[in-house]
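Enquirer: So the sequences go chain by chain: H and V.
Take the position in the first sequence, starting the count at 1, then add 803; the result is the number in this note's numbering.
Take the position in the second sequence, starting the count at 1, then add 947; the result is the number in this note's numbering.
Read the hints as simulated data drawn from the structure, not as lab findings.
All clues stand as given, with none of them false.
The calculated DSBU-like cross-link candidates involving lysine-lysine, where the alpha carbons are at most 35 Å apart (straight line), are:
no. : chain 1 : residue 1 : chain 2 : residue 2
1   : V       : Lys1251   : V       : Lys1146
2   : V       : Lys1265   : H       : Lys931
3   : V       : Lys1146   : H       : Lys931
Label pairs and their calculated CB-CB ranges:
no. : chain 1 : residue 1 : chain 2 : residue 2 : range
4   : V       : Thr1229   : H       : His820    : 52 to 58 Å
5   : V       : Ser1203   : H       : Asn957    : 15 to 21 Å
6   : V       : Glu965    : H       : Arg992    : 18 to 24 Å
Small disclaimer: the values here were computed from a predicted structure and weren't measured.
Here a beta-carbon is modelled for each residue, glycine too, at the ideal position from N, C-alpha and C.
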Amino acid sequence: MTAAEIIKKSFTKEKFHRFVFGTKEKEGAGKQIIVYGLLICIGFVYLYPILYMFSTSFMNRDDLLDSSVKWIPSTLFVQNYIDAGKSMDFWISLLKGVVIAGAPTLCNVAVCMLVGYGFARFEFRGKKILLGLLIFSYILPSQVTMIPTYVLYNNMKIVGTLWSFILPAILGNGLNSAIFILIFYQFFRQVPKVLIEAAQIDGAGYFKSFVKIAVPSAGPAILTVFLFSFVWYWNESYLTSLYVQGLSANSFWVNLVVQLSNFDTSFNTMAQTGDAATNLNECVRMAATSLSVLPLLVMYFFLQKHFVESIDRAGITGE
Amino acid sequence: MEKEKKMKKPKVKLGKLEKREARAGWLFVLPWVIGVAVFMLYPLCQSFYYMWFNIRITPLGTKFIPVGTGNFTQIWLENPEFPQQIVTYLWQTIVEVPVIVVFALMIAIMLNGNIKCRGLFRLIFFLPVIIVSGPVMNMLVSEGAATIPAMNVQSIKTALDNFLPHSMSESIGEIFSNMIMILWYSGVQILIFLSALQKIDPALYEAAKIDGGSQWECFWKITLPTIKPMILLNAVYSVIFLSGNEQNSLITMIKSAMFSGTKEKGYGYASAMAWMYSLIVTLIVLLFFLLLGSKKDIYDRQVKRRKREMKKEARTVKRIERRGIRNAKKIKKARKKRNYRTYDGSGDY
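Take these sequences, add in the hints, and give me the full structure.
Expert: This is the structure we're talking about:
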């Protein structure tokens, strides 16, 4: 037999068909190629803005104007980052941002856990109405209540202080609190009631059984809520500038995202005093954007497993 | 708290333990109840009140000038921007939400298959959720990082203009030019779909396969009906996200109206606008509820009807009983007064 015959024998039409389209038991290579191809393409599209941002942020002005430079800058131009960081007060804004996002988040976690436990564990009159109110408070666009809330804070004299974020969070009405309460509600419903009843028989009060049994078992849910709350508070630029910063330019509280939204003006004033080595251009703006995104990206790469799996475990999807 | 007082004298008396449990439940929920009253219901009523006034902040304090429906006529008739934006927003949301949901479902199904590096892909698709925020998006959009460079948006727009009304083709063109952003908004939805898909019982698919069902049939007959509630959830989530997003031009309008120093604008005007806007958002949410909400099956409906009939019967029985008691009382009274009269004069009924 010649080689050609062997090839002819082993590559029949049926085999080819089976190879590409697969059988009932095994998926075909054709389908796999399509799926991987689509996933890689869409993945690239997803990453495109981020890649674009990073690659542009390292270019100097010559690279920007040079049409032959598309993705990879000719030199690693770090001056953009230095200037952008200086203009944004990077380290101070970072620290303040951590406080602005962290303090309400802690309150959010604690209070939402308490409320979610209350909903899941106890039966009481009006519970259905309250749950309906909870969902309503999620669906209601926040713009309706924004104006009177601002007036309210103004009357309480907490505009321009961190209290305007902490106080609603303590009372379970922080940013997206309704979702967090629902997460805890779902989670605590899955905790067997027998455990808590056993603790009560052993003499634990309601609050003690909450602290000693429910809280330690809620690890994954706490992590989910903590991460999401932190990220959402971090990214909330408008409410931060309205309530915490109090719309005044020289307020004490400021975070990176708010700095980014005022970047153009602040950079121009800096350039006028002659501190900047470059002019305001795409590269500097992209550098500023990547600086404001960087802390969260670092956090995401360390905790990504928790982020992604948390949605499964905490039962956002509900049953 | 008022409800707590009411709780103490319920119609059906609760046991001691149940009572204590109910009180503990209220205690646990109390912070949130106060919060809702202070930070949601009170502002809600107040903004309802504001929208009938022209509010001016003077050095002597805030001045309330009642204008009746003046704010509304101003928004709809005198200011051409708002109605225009509303129409664009409406089209955009109605088109974008299905795009997001279908796209998320597609990716979730692909990831749910037998795939290597699933973790990596999940990592990539979830990444935008972490870094999406108003200013970052503004920066990226303004630098042109949000469009796929190879896509010719202008030609798509002109092609659509031929057979669609202008506002609609405009918003659809907008979608193509911001394709990446729309994909970015579907991170959470992908994860929700993925975890729902993984909870489907594999035995269902096996049974279908034994009966000779193809994968295509399995998708329509098993996968889709099982995750239908999740589709609704994701649609509502997308609507809320899109409407509260800082990229939304209506939000920017409300904000700028709120702090504008002109005579006719201000808190009252902005409140009226916000109410209008949220009404429309609610309508869109309702629309999706109607489209995707689960219809009860026939059995459930029959049970419900039967229950209703039983209730009605019980009510009739009670009414007859009550009438009987009333009649008996009447007769007693009449007997006491001794002015009753029977046909045969014996005095007995």
